[in-house]
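> Chain B: place on chain A using the hints.
Residue numbers (our numbering), protein chains in the order written: chain A, 1 to 393; chain B, 1 to 393.
Relax, there's no trap hidden among the hints.
Copies of one chain are not kept apart here, so a pair can be met inside one copy or by any two copies together.
Using 27 Å as the maximum straight-line C-alpha spacing, the simulated DSS-like pairs for lysine-lysine come out as follows:
| id | residue 1 | residue 2 |
| --- | --- | --- |
| 1 | 157 | 100 |
| 2 | 321 | 58 |
| 3 | 204 | 316 |
| 4 | 303 | 375 |
| 5 | 100 | 154 |
| 6 | 237 | 100 |
| 7 | 149 | 252 |
| 8 | 252 | 147 |
None of these hints come from the bench; they were simulated from the model. Just so we're clear, the structure is a prediction, and the values are computed from it rather than from any experiment.
Number of protein chains: 2
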Amino acid sequence: MKQMIEEIEVRAREELFINIQPIQAAGRLTPEAMKAIIAYGDGYSTCDWCMAPFRLDKIRMPPINEFHVKLAKFVGMDQARVVPGARRGFQAVVSSLVEKGDSVIVSALAHYTEFLAVENVGGIVKEVPLNEENIVTGENTAQKIEKVKKETGKLPKLIMMDHFDYMFGNEHDIHGIAKVAKEYDVPFLANCAYSLGVMPVNGKEMGADFLVGSGHKSFASPAPSGILATTNEWAEKVFRTTQMVGDLTGRKFGIKEVEMMGCTLMGANLIAMMASFPAVHERVKHWDDEIKKANYFIDEFLKIEGNKVLSEMPRKHTLTKVDTTGSFDKIARTHKRRGFFFSDELKKRRIIGEFAGATRQWKLNTYGLTWDQIKYLAEAFQDIAKKYGMNVA
Amino acid sequence: MKQMIEEIEVRAREELFINIQPIQAAGRLTPEAMKAIIAYGDGYSTCDWCMAPFRLDKIRMPPINEFHVKLAKFVGMDQARVVPGARRGFQAVVSSLVEKGDSVIVSALAHYTEFLAVENVGGIVKEVPLNEENIVTGENTAQKIEKVKKETGKLPKLIMMDHFDYMFGNEHDIHGIAKVAKEYDVPFLANCAYSLGVMPVNGKEMGADFLVGSGHKSFASPAPSGILATTNEWAEKVFRTTQMVGDLTGRKFGIKEVEMMGCTLMGANLIAMMASFPAVHERVKHWDDEIKKANYFIDEFLKIEGNKVLSEMPRKHTLTKVDTTGSFDKIARTHKRRGFFFSDELKKRRIIGEFAGATRQWKLNTYGLTWDQIKYLAEAFQDIAKKYGMNVA
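The shape of chain A in the complex, shown without the other chains (with noise of 0.2 Å):
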């Protein structure tokens, strides 16, 4: 038979490597979530016992019913949906609220999901700028929604926010912007993509009406994975049910949501969830550990000359941006491996997940590694420090 696809790499770095990938630390599986996956492979395993009223996330056996009542109360909110990852998330609130013409803030960090998801229903993203450390501020949304307000001469309908950014995994006043979405009565979104399932997060104490959260970043899940949750008062609108009727044949399908497209996550991606939600449950008790971890290493890694961070500081959360252009930068000028010399150093040392040849600005995530582990990665960033000749403090 003819090839069909090329050769289809087996996939180890996570098991030979110390992976520091921003996006990848908090969605490797769990063990649980590893053998779920296994035994629910197959394409409709979960649609097993599928009985009136015929939607998944009502199924009993196995619990997929008890499953999002208790993710809601993890999240601090009424009710939760799973969906195929948080951009499906934002995508089901937006098509649900904004109109052709209709303005959304977000943040000048805002994630390109949150703006595809406007532009999908032919809505206009307004940014809020950020403050003189990268953080945005519950005044400048403020003064954000004011401007639209003036220029368009309509509130926003929906303020789209994330709890910590992708750039920077800085956090931002999500309480203070959840206070002026009040105060000017828009809902308010709270993209927790970076925080929900790593570490504490309540919906209802954040003040959001929605809260999306990703599986595959940052809950121990497959992709794609992702979570919707919200209030009574909301779920009413965004996971309304539907309503159409075949004008033939008078057909009407019960309480299939709109916005779920029926039914929500399916197999062994949902399954996978379920089975680490018990060990995501207990890991987020110990964010502060991670904090730890994470600023040990940065202290580490800025003894090395020349080394900066654009992230806030200290650091409070796992993903940092990191500037090299005054160290490894400088070697890799005159290196004929260019930056990969660098990649080359790590990988030798069985480090992986920087973008491969940057040396300039880039980003590393130490979510999940041990003690051990974050201590060796420290020595072997200030090892290759000196061993291009750079001093070490």
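Just chain B, lined up with the frame of chain A:
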């Protein structure tokens, strides 16, 4: 620790039983896909080598780009994307083509997800009646278009038709419908959720502008996974790239596609589709054997007095709707276990996947069973019939 979720049963029905569940048969993983999900289970596993232009379907390692090209060729279209389920394919096309108040032509047997895709944008479904053999014809489609034109003064914006429907597994007059679509110049989406991946399907030969398939239904892949393919002409519209610009930062997001929400299906599900592709490519050539087995089984099934088949005969698909009101249901009426007596008898014989407790109209699917299993299955039904005193010819 407090128990976070109820026990997740290890799913073993594919290992321990002959599974005749109507929608699960062709979504069972190949061994290659099973291995692939083990290697690529972790969250963002497919993003190790994401380079410029930073879009998932362009990644070369693993060969995701290559797969997309070959997939388009396999389905006889110019371009293909993988999506989180067939429903997300409908959603992308409808969202691109249909506006509030627009009509969309569907079948009187349309899957509910087609309804939801239309409802989500405020469109209206218009159902084409079935002929006396429960088939949608080109002629009836043309009449419905005329009716819509007369009633609304406008042509429908889209025709969505099922190649094989979910209810009877009947083959509909896709070629005739495509011809009518062309005559009226209305774009035509062929829903091949029950055909793409089990039998040869060629979108351009069909005359389709869009072709949608399901990974977890018919492509030996985990849920959610699906395929959306189209022509170069329509790709410009449905796979349009983002044009949004940040009002403050001037940020743009390159070639991210709006309807795909940026990146297409990720992770283990994508790699499983890729891993199953060679086997799927091969198995569609043997659809005739599947049909022979299905018809053999149905012929044996009809030897039981009172049994009926509601699907078209002879069978052109392995999914069949049967009626046992005149046979097994007679027993159920007085049996202390009601319809569950039938499930009990099947289970005792290691057969599973019928709708538990149903003894009137129900569906089964023989896809992928060996001849030995098919014969065993036919004998098992006859054996149960005889045990309860029914005549078997």
